[in-house]
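Same order as they appear, the protein sequences are chains A and D.
Heads up, the first sequence is in the working numbering, so the first residue is 1 and it goes up one at a time.
Heads up, the second sequence is in the working numbering, so the first residue is 1001 and it goes up one at a time.
Note that these hints are calculated values from the structure, not bench results.
Just so you know, even glycine gets a beta-carbon here, dropped at the ideal spot from N, CA and C.
No incorrect hints appear here.
If you only want the chain A side, here are some residues facing chain D, beta carbon under 10 Å, derived:
(1) K25
(2) A42
(3) I44
(4) R52
(5) V62
(6) H74
(7) M75
(8) R78
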Amino acid sequence: MARPWGKLGTRFAAELNSLKGKAMKYAGLSVLPAGFFLSVAALILFPSPAPRAAFVVCGLAVEGLGLAVAVRGHMEARGERKP
Amino acid sequence: MNPITPALPMTEATFALTLVLLLLAPLAIAGVALINTGLGRSRSAAQALLGNLAIVAVTALVFSIVGATLTGNLPGTPGGAGHIFHLADKPWNWLGAGPFLLSGLGSAPPQSQLALLFEILAVAMAALLPWGSGADRWRLTAGCAAAAVLAAIVFPLLAHWIWTGGWLSQLGMNFGLGAGFLDGGGAATMHVLGGLSALAVVWIAGPRKGKFPKEGFSTAMPGHSAVYILFGCFVALVGWLGFNLAGAVLWLQAPLAALPVTAVNTLLSASGALAATFAVTTVRFGKPDASLCANGWLAGLVASSACAGIVAPMQALFVGVVAGIITPLLVELLELAVSIDDPSGAISVHAASGLWGLAAAGLFAPQSGQLVAQLVGIATLLGLILPLVYLLFWLLNRVVPFRVDPDGERIGMDLHELGGGAYPEFVIHRDESYR
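Pulled out of the complex, with its shape left as it was, chain D reads as follows:
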């Protein structure tokens, strides 16, 4: 283990502002939870929302007990070190070595405490995303177990590599690639990780019953509440501003004067994406599609997570517009051409838009070599993290089966897993009503 570069001192004003921003960040989690629930079916709504809450709790517990140690502290802070091997005369910091069981957190430097809070919220967000994709067939215990795996193993690895002095963050120092891999708002650690985990879950659990009949087109299974979905978008914006601004301070060392531009970029990216999705769905279907527009808005926010702290406002708008065009087309492609049943659209919204945002951050960054650093990060996410997550989830599925039994799927997850529905006074649709 070797100590690594010193951390910058943090003023009291910066500390206070970052803390307030991080207290807003849970609204992003709440927004995504509302969207996940609204995009599922009414007979699974209570199980979906309880699952979101349980996943937040499980990730906080598991990350505090196991994950925080493997993530390590910020470089230069006490205990800020990592496990390093040397290859081609370069140090490769591959695993963090933080204090065990959060010991000494109270006396740690302020930025280390804030970094830990950010990471706890980030891992919750990452683990929520596959839950939405497994809606209506993924068992609650299996969802919590998968969240625990992400919080204990995968997220700490990625967070250390990108945020706390790992090899991706040091690509600039070791190989002259810009400032190393940059991910201010957690596009890679939260959204791409969550989106790729969603792909693994969908592959392992399979589609909902009746989604892809042997003959004809896939069955439309619309979300049960457009109100939840669209209100979730409003709530998510506030949380996203918190994540992007706090991340800019913590991971990009942005000065306070740069934060208004980061906030404007976040809003412009989301707005551009919504406008683009609105236009695309109007051209495709004759009318704008509410749930796809919500997905577009979210895709803009996801793309902004990667680049809001780096690019200029008009570039952020461009990034959002491209994300807004890609998202509805990819949602349609995955469902109709590839037979992937992803109710929340996490693969398109979080994985694809996150990857685009990371590439765009390299494209528009002022430093030379930044694009290559971003591409190496993308290659790591697709080439290492996706197979790792798939392998871990595949093994987990052998121990805790992901998919509910056919009877449970027929009567709905609420009745099957909780014994009561979310809307006991309303008539719930049966499967037959979809065909």
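For reference, chain A alone in the conformation it holds in the complex:
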């Protein structure tokens, strides 16, 4: 079925997707330092080993989340589909 706005609409949708992807990528990358600061804060805030280790792991989990968002954003920005 033809798109209502034709080629222009398709191009606009692609551009919009690319912008959305870029925003996602930069959002993901800016989440990464938050995970780092969480890990470092754990060193200062928790003298006992168990909560300190748990918070360091939480920091790493936040970084994992940020990385996943950045990767997903990269895929969106490039307009690629999963094969």
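Use these hints to put chain D onto chain A, whose structure you have.
Relative to the frame of chain A, chain D by itself:
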């Protein structure tokens, strides 16, 4: 600036042995250069190998002029100090303050001179890794500029934090976390840094033309020389032994009697990884895959960089086997599911295996709290170094565009950038031959 803990004196025998080991280390760089070249296409082979050589030269120059000052000297040696701020009553040594332009190097203590040599070789290795990932589309000048950025800013920061008395190395002293962040063979400073830089380059430069068509699966673009790739693995082993053993002496203060075990661990980790990748690719594809097996071997070596000086032989073997299983699966995942075009596999081989090796070093280390110290180091690499490298490369891309123009990519980097090919007597494949 404050002076920090005194350095241990080094005997003449230790000095001589460490020097000989460091003279072997450039073979690791040569091996990786051969692998990078072999994994690229034949029409870009000369540009790839020249790029490897140019990057080694650029990093040596830039690190000597700028980076060595920011890295600082070993703790306790003359000039061995850093810039420190205090937070929660703890000192945070965040930047080195070494001599300017290598002044006084000749009269510096022997271990400081060896440490500098190690760092010069390490920064070259770190900067080579993204070059392989940007193969067939990354311009030579941009590659050299990125190497200069790594050698001037990012590597010195990381090397100071980990090796020359920075805050990561002092996690043990300040927070009771084992012996602080440990990285004897440069898994973090060379391999994870290089692998994460490769990810930044691949994100910024984009995939090779035709790699991910709009319809269907990604296009297979196999490396042009399995011989280069596999011979590079042999050469790299010798260099890796040099790096791991010299690093154990310099950064872990290992006695000479501990070095044979470190060498055995390096070999066991690489062998276990190769066997695992061989098995995984045979199960996946029905036959072992030569380039993935080479990647597996290299992943084992990378993982050993983190833990060869710390763990027992069977633990090193386990670390290698896990690296060898992860690597081919991750290479496939990144290409097919995430659309990341990484011809040399540096992201899987160097970043992922390096991170695994660093975590394993904490897991198997005898000191309590070592795992948390290693995890804090990993969090620093992912949370601070990756965004920093991406930002610097993104800015650099505005000044020196990374990607070659479409015409250059079509005719090949050799003809476009050098005016002549690596194999003038052979027929070179055109793009159309891949689809």
